[in-house]
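Trainee: This is what each chain is made of:
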Amino acid sequence: MNAIVDVDIEAELVTQVAALAAAGGSVEIVGSGSKRFYGEPLDALPMEVAAHSGIIDYDPAELVITLRAGCRLRDVEALLAEHRQMFGFEAPHFGPEATIGGMVASGLAGPRRGFAGSIRDFVLGVKMLDGRGEVMQFGGRVIKNVAGFDLSRVLVGSLGTLGVILEVSIRVVPMFATETTLAFEHSSADAHIRWVNELGSQPFPLSASAWHDGTSQLRLSGSEQGVNHAIAELGGEQLEFDWALLREQSHALFAPEQPLTRVSLPPASVDLVAGRPQLIEWGGAQRWLCGEVDVDSLRQKAAQLGGSVCAFRNHGTDVAVFHPLAPTMLKLQRSIKSSLDPAGIFNSGRIYPGL
Amino acid sequence: MSQSRREELAAEFRKFLPTENVVDQPTSLAAYECDGLSAYRETPLLVLLPETIEQVQQVMRICHQQRLPVVSRGAGTSLSGGALPHPEGVVLSLAKMKRILKVDTLSRLAVVEPGVRNLAISEAVKSLGLYYAPDPSSQIACSIGGNVAENAGGVHCLKYGLTLHNILALKLVGVDGEIFEVDQRSLHNDGYDLLPLLVGSEGMLAIVVEVTVKLLPIPRCARVVMGVFDSVEMAGDSVAAIIAEGIIPAGIEMMDNPAIRAAEDFVHAGYPIDAEAILICELDGTEEEVVAQIELVEGVLKRGGAVETRLARDEAERLLFWSGRKAAFPAVGRISPDYYCIDGTIPRKALSTVLTGIRELSAEYGLPVANVFHAGDGNLHPLILYDSNNEGELERTEELGSKILQLCIQCGGTITGEHGVGVEKLGEMCIQFGEAERNQFHAIRECFDPLRLLNPGKAIPTLARCAEFNSMHVHHGKVPHPEIERF
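Chains A and B, in that order, are what the protein sequence lines are.
Here the numbering used here is used: position 241 in the first sequence is 241, and no number is missing along the way.
With the second sequence counted from 1, adding 1000 to any position gets you the numbering used here.
It should be emphasised that the hints constitute simulated quantities derived from the structure, not laboratory data.
The beta-carbon is built from N, C-alpha and C at its ideal position, and this holds for glycine as well.
One should not assume that every hint holds.
[Claimed, not checked] Which residues of chain A face chain B? A few of them, derived with a C-beta cut under 8 Å, are:
no., residue
1, 62
2, 144
3, 175
4, 177
5, 178
6, 179
7, 183
8, 201
9, 226
10, 264
11, 266
12, 282
13, 308
14, 335
[As the list claims (entries may be wrong)] List time: in silico EDC-like cross-link candidates among lysine to aspartate or glutamate, alpha-carbon distance up to 20 Å:
no., chain 1, residue 1, chain 2, residue 2
15, A, 301, B, 1183
16, B, 1126, A, 198
17, B, 1159, A, 43
18, B, 1159, A, 134
Taking the hints into account, I'd like the entire structure generated from these sequences.
Mentor: This is the structure:
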């Protein structure tokens, strides 16, 4: 018996939004608040959605689960684990009550993301509430579906700015038979980056990588045979490593209260901050810096390589959280927001001004 | 549209395009009047074949200024009429933009122009031990730009994803001729993720002019096992049982008896013609891994009631097992004057309900149906056998096809898994989506294309179009591009 309660507050949410649409006003959509730090701060009344909970459909053999968005991530992960299944993107919780809706809206993924898909890749469909109070469904509950523009996946990472996610269908994956971590010494970030990208060209069952302070960690996940084969070929030192430390940002590098900066780069890109302590994940695509940093100059360097920089936490209000968009792109994205939320009711300004 | 208007416009485009890249003669235009859905034909005003991004931009600026509809076209293999021309517009063919611009082994990506054929990418990087995973059945001919427009699938989707999951970046030209890019090489995007909107947008949001694809290492080993069953239900249940073992096969395909017979008669793959269903299951990975998984799968198939399992002994036999499946469409085309191919997806657990429903409908309409099924991801291709020379049979076939798609929707599925909506399924779109969703689709389109110049009349039905119902006609077993395998 799982802990997921069955409570349907869709009608109440529709009423609330319809009233807002009629009277004007704006809200901040709040689940458990575990990822509320992510994005620009808002000055709007909270709209509580975490009570909207329940499993709509889960048949493990279908590899799909359909949930109300207020379900707690920990309960859903426990339910999937009972069936030896899991989400394929290792989403961070950042709090005990983290909800599925927050997971989808933030789009944040964990260590596995460097070697598997993003949350967007696993989302199959949504039921959502737009800024007119209209309930709509996009995508579906099947893996292969090309009917209609795929708005369900656009909601991933939209930080609540397009509407309220009511229900979501997500593809799940089987748990791996076995998993192990190997450690290797690499004195420089560049040496690690080159090494881990070269490994990517070979069919090893890689599922996570990290580099910090001269040591590379590599996680292998798969069948006994596949993993053992890779261990034999790769060498390195087998050790216990808690990847949840990276997922939840409780690793030693993530000093609380310090500014935390996320640098996203095409994985094989050179080290931009040589000599400075950093944590490199996702085969080189995601790099974390703790402490003061000149975000603007880093943004320029990253942009030249096709990357971007997020002032992830504790940067104060002088720095824009997200990497600025080109004006034409911002205009296009604002028009997409307007098409779903014409009056700007939901989380307006969370990502950029007007978005 | 008058011939003088055509000539006037052709002259304008010839100011920056080579003369032969502006097609304006009726005999030459005829080659572009349809795609793989040949029942629908239109003659465009002009066909333009730019060779550079700048030329695409210039074409778009003129079309935008003159309010000319633009239908972009890759190789023209769409099965849903996505590239059907507009009689008062131009066809923008990307076929001459077919260079592979860059292969980056360390980053495992290739940057290609939209006209590059799907299979040409894998061929170009094979010597590096890499490949591009999505393999739509028309991969020998279809272009990557078209794959992006349709979010093309294939037989390996369950494990390796659709086109969307294998694209890292797109460069596009908007309706006003301006370039914009979506770049996710860093596994991150700022603002909204537009890739899932653009991939599968059927040419209605922008023109794809450059595609950065993800390359994967070629698995060291791939083997195929076939399970033979006395009932399709048992075969379907066995697919669920394989997945319950925690195995994600590289491909898992099912065929029912009419499809088995047609395929065996055509390619002699060694299929058991008395079986009610066969499953073809491919596993890939390291040698040891595949050997272990094959053993597991054989066990599951036997416990699931398979009367026989056959392991392909070598690469030649593996390809032979696949050949029957891959030739299923033309094989059915040999035994019936015409066939109509349906492309629904269902939750796998609904398989026996849907197959029973199809059997009943087939009997009711007096039209035989053969079923091939991407069993792993629930994508069902019923093939309705009919003869268009018989009075009223085509109409009955279309009605039966539509009933099958409605059955897919009722069972929690969708009207198109991989062929796209195009002009073919506009009617069923009205059943699958309500008015609010359809209005939202139009609103999204207007964010990119306020004048609705890009591929007008496709993919999203207007209220007026909601009554339309169309079908794919295959006359005397002939489809356009008969050389292409159709799964």
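Trainee: Run every hint past the structure and note whether it holds.
Mentor: Here is how each hint holds up against the structure:
1. 62: Since the shortest Cβ distance to chain B is 5 Å, the answer is holds.
2. 144: Because about 4 Å separates residue 144 of chain A from the closest Cβ in chain B, which is inside the 8 Å limit, the hint holds.
3. 175: Residue 175 of chain A check passes; min Cβ-Cβ to chain B is 7 Å, inside 8 Å.
4. 177: holds, 7 Å
5. 178: violated, 11 Å
6. 179: violated, 13 Å
7. 183: Violated. Min distance 22 Å.
8. 201: Nearest chain B Cβ about 6 Å off; hint holds.
9. 226: With a closest approach of 4 Å, the residue 226 of chain A hint holds.
10. 264: holds, 4 Å
11. 266: Holds. Min distance 4 Å.
12. 282: Cβ of residue 282 of chain A sits 6 Å from chain B, so the hint holds.
13. 308: Holds, because the Cβ-Cβ distance from residue 308 of chain A to chain B comes to roughly 5 Å (cut-off 8 Å).
14. 335: Interface hint status for residue 335 of chain A: holds (4 Å vs cutoff 8 Å).
15. A:301 / B:1183: Holds, at roughly 16 Å.
16. B:1126 / A:198: Roughly 16 Å between the alpha carbons, so the hint for residue 1126 of chain B and residue 198 of chain A holds.
17. B:1159 / A:43: violated, 44 Å
18. B:1159 / A:134: Violated - the C-alpha atoms of residue 134 of chain A and residue 1159 of chain B are around 35 Å apart, more than 20 Å.
Checked against the numbered hints above, the structure violates hints 5, 6, 7, 17, 18; every other hint is satisfied.
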